[in-house]
Every structure is written in C-alpha cells, then in structure tokens.
Amino acid sequence: MSKTVDIIVPCFNEHEVLGLFYERTKGVVEKIEGYDFSFIFVDDGSKDATLADLQALAKDHPEVKYLSFSRNFGKEAAIYAGLSHSKADFVILMDGDLQHPPEMIPEFVKGIEEGYDSCVAKRSKRAGENPLRAPFSNAFFNVNNKISTVKLEKGAVDFRMVTRRVVDTVLKMSEKERFSKGLFAWAGFDTKWIDFVSEKRAAGKTKWSFFGLGLYAFKGLTSFSRAPLVFVTVLGFIISIVAFIYIIITLVQTLIYGIDVPGYVTTLCAVLFLGGIIEISIGILGGYIGHIYMETKNRPMYVLKTTNIDREETSEK
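In our numbering, the protein residues as written are 199 to 515.
Check the hints yourself; a few may be wrong.
Distance condition first, Cα-Cα at most 27 Å in a straight line; then the derived DSSO-like pairs of lysine-lysine [to be verified]:
1) Lys503 with Lys370
2) Lys201 with Lys370
3) Lys285 with Lys201
4) Lys229 with Lys257
5) Lys320 with Lys201
6) Lys257 with Lys308
7) Lys257 with Lys320
8) Lys390 with Lys229
9) Lys224 with Lys273
10) Lys224 with Lys308
11) Lys503 with Lys320
12) Lys229 with Lys201
13) Lys273 with Lys257
14) Lys308 with Lys285
15) Lys374 with Lys273
16) Lys503 with Lys374
17) Lys320 with Lys352
18) Lys273 with Lys285
Distance windows between CB atoms, simulated [unchecked claim]:
19) Ala254 with Gly313: 37 to 47 Å
20) Lys201 with Glu221: 19 to 29 Å
21) Val432 with Asp393: 34 to 44 Å
22) Arg269 with Glu305: 28 to 38 Å
Rather than coming from a laboratory, the hints here were simulated on the basis of the structure.
Backbone N, C-alpha and C define an ideal beta-carbon position, used for all residues, glycine too.
Please take these sequences and the hints and turn them into a complete structure.
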C-alpha cells in the first residue's frame, strides 16, 4: 500500500507562477514509487487571480486541494492551516515561487526511508536575491544560537519533509505568534540537513521587505529566549552602578573644588545615551508584552473564505 504525502504550499499573489510550479513539481513526484502525493495550496488572501488558478487546477486534478483565507493572515498562519488540514503519513512544506527546487523531493524521501523524522533544506547559496540579505540572515542565526536553547541550523529554510508524528507535535503548540523554524527545532526528532542553492523566482516579486524580515527575525528571537530581557536588566544595573559612582565623584569634586558648571557636551551625551538605552529596553519589553497580548486575545489564527477540502470546522482555526 502506498504511503501518502501532502505537499503544503502557502501562496500570496502567485498567479504568475502557480501553473509552472504545479507542472514542474508534479513531474517530479509522479516518478517516485510507493508514495501518493497530494497538494494543499493555501491562498493567503491573494489580490490577484491565485484563487481562480487554484480552483481551475482543482477542477482538473483531484489531487489538488486548496484553502483560501478571507484576507492576508501571513505565511505562518498559512503553514498552520495546511498542517491542520493534512491527514497524510508525511508532509512537505515548500514555497510556490520555485525558489525551493522540487527536484530535491526525492532526496527528502530517501532521507525519510533512512529513518529520519525530518529532512530539511539548508541554503548554501542564494540566487536572485539582494546580496545584503545573506549577512543579515547569518547574523540572525548566530545571535539566536547564542541566546537561545533552541538552536537553528544556519541557512535552514521552511522547505522540509516531516513524518506524521512531527506534524502532530508541532500542531500541539497552540501559540498564535508562531515561528515555524523554531517550533520544528523545538520539537526535536532526528533531522537530516540537505544543502541546496536557492533558485531565482520563476516569476513575480518577493513579498518580503527588509522591514518585514526584521520583524520576523525579532519575533523569532523573542519566541524562544528570554536573553534580551536579561540583557536589558544587566545593562540597566551596570548603568546604575556607573551613574552612582559618577554621582559620588561629582559630590567629592564639589566639596573640594566648589560648584563647577557642568559641560554641555557631557550632559548631552549622557542624556542621549541613557535615553537610547531606555528606548531599546522599552522596545524589547514591548515585544514580549506584545506576544502576551496576542495570545490572550485568543482570536483565530486565520479565517477561511472557501475550500474544497471536505472537513468539519473549516471556517476558522
């Protein structure tokens, strides 16, 4: 009996590339024996013809399923929705822009057959991306692995194949503010890392801006570590000690030499420095409070507008 695999594909305004993605990926997986592959496309509130394309694909190909959100909820919500609606023995996560080459899927299957619970693509080179992204990405992985107990493999992407028990474990983590790379890493299990060179987008433009990536990185750093809170606490303590010493020195100088007119530059530098530290501290604290705020509201992670998956309670999760 063939094992089942769901390929989960988050989509946001991918009208230009969806057909090419499906044909190329289908051409790869239909040659793999012993596995039945299906697709779960998650339309993350696209403004172009993505939903119409998915409906047309589903009409002609019974292995194509789709979920369409009522608006844009973000890639993390799309990943969660796809995992929630999958019933297959294995799941593959990949982007629909063909930067994740489908030709790697046979390598994933081989790794699973070797006994690994998870096979994950690890980017070794980037093609067609802003060259500034690589150093920022490396910096994120380096900082995360220094301050967090959940270690992330440098260059790891969302492109992966996992077993059902990995999927079930990740779904048990019910937080709304999700960082999937960290969640899969936290879950553990035996993982095989496979190097790859990311390809240029087959069509369209990236949906990630530097600002968006920065916010995503901050969410990742604060999702699995309290080190930033410890850092600002220690920094505040050090500054307080230095300030106290400076006060003592100033008092002694005043008693010995009389009252001196403070220097403008010194005062300005001290005020700006301390003001900057305070703003940074408030920002870090606000990030953690923001996580708490989003979790306590207990809103659904996404709302479905339409789907061709016959399953109860598909309106929202």
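Hint-by-hint comparison with the structure:
1. With a C-alpha separation of about 24 Å, the suggested pair Lys503 and Lys370 falls inside the 27 Å cut-off, and the hint holds.
2. For the given pair, Lys201 sits about 23 Å from Lys370 by alpha-carbon distance, which is consistent with the 27 Å threshold.
3. A hinted pair counts as satisfied when its Cα atoms are at most 27 Å apart, and Lys285 with Lys201 qualifies at roughly 11 Å.
4. About 23 Å separates the Cα atoms of Lys229 and Lys257, which keeps this hinted pair within 27 Å; it holds.
5. With a C-alpha separation of about 25 Å, the suggested pairing of Lys320 with Lys201 holds against the 27 Å cut-off.
6. The hinted pair formed by Lys257 and Lys308 fails the criterion: a straight-line CA distance of about 32 Å is larger than 27 Å.
7. With a C-alpha separation of about 35 Å, the suggested pairing of Lys257 with Lys320 is violated against the 27 Å cut-off.
8. For the hint pairing Lys390 with Lys229, the CA-to-CA distance comes to about 22 Å; that is within 27 Å, so the pair holds.
9. With a C-alpha separation of about 23 Å, the suggested pair Lys224 and Lys273 falls inside the 27 Å cut-off, and the hint holds.
10. This hinted pair checks out: Lys224 and Lys308 have alpha carbons roughly 18 Å apart, not beyond 27 Å.
11. For the hint pairing Lys503 with Lys320, the CA-to-CA distance comes to about 34 Å; that exceeds 27 Å, so the pair is violated.
12. A distance of roughly 14 Å separates the Cα atoms of Lys229 and Lys201; the hinted pair therefore holds under the 27 Å criterion.
13. Between Lys273 and Lys257, the direct Cα distance comes to roughly 25 Å. Compliance with the 27 Å bound is thereby established for this hinted pair.
14. The straight-line distance between the Cα atoms of Lys308 and Lys285 is roughly 21 Å, inside the 27 Å bound, and the hint therefore holds.
15. A threshold of 27 Å between alpha carbons decides the hint, and for Lys374 with Lys273 the separation of about 12 Å falls inside it, so the pair holds.
16. With a C-alpha separation of about 20 Å, the suggested pairing of Lys503 with Lys374 holds against the 27 Å cut-off.
17. Note on Lys320 and Lys352: the hinted pairing holds, with a Cα-Cα distance of about 7 Å set against a maximum of 27 Å.
18. Distance check on the hinted pair: Lys273 and Lys285 sit about 20 Å apart at the alpha-carbon level, within 27 Å; holds.
19. Between Ala254 and Gly313 the CB atoms are about 40 Å apart, so this pair conforms to the stated range of 37 to 47 Å.
20. Between Lys201 and Glu221 the Cβ separation comes to about 23 Å, which falls inside the hinted range of 19 to 29 Å.
21. Restraint check, Val432 to Asp393: a C-beta distance of roughly 38 Å satisfies the suggested window 34 to 44 Å.
22. Separated by about 36 Å at the C-beta atoms, Arg269 and Glu305 satisfy the suggested range of 28 to 38 Å.
Against the hints set out earlier in the document, violations occur for numbers 6, 7 and 11.
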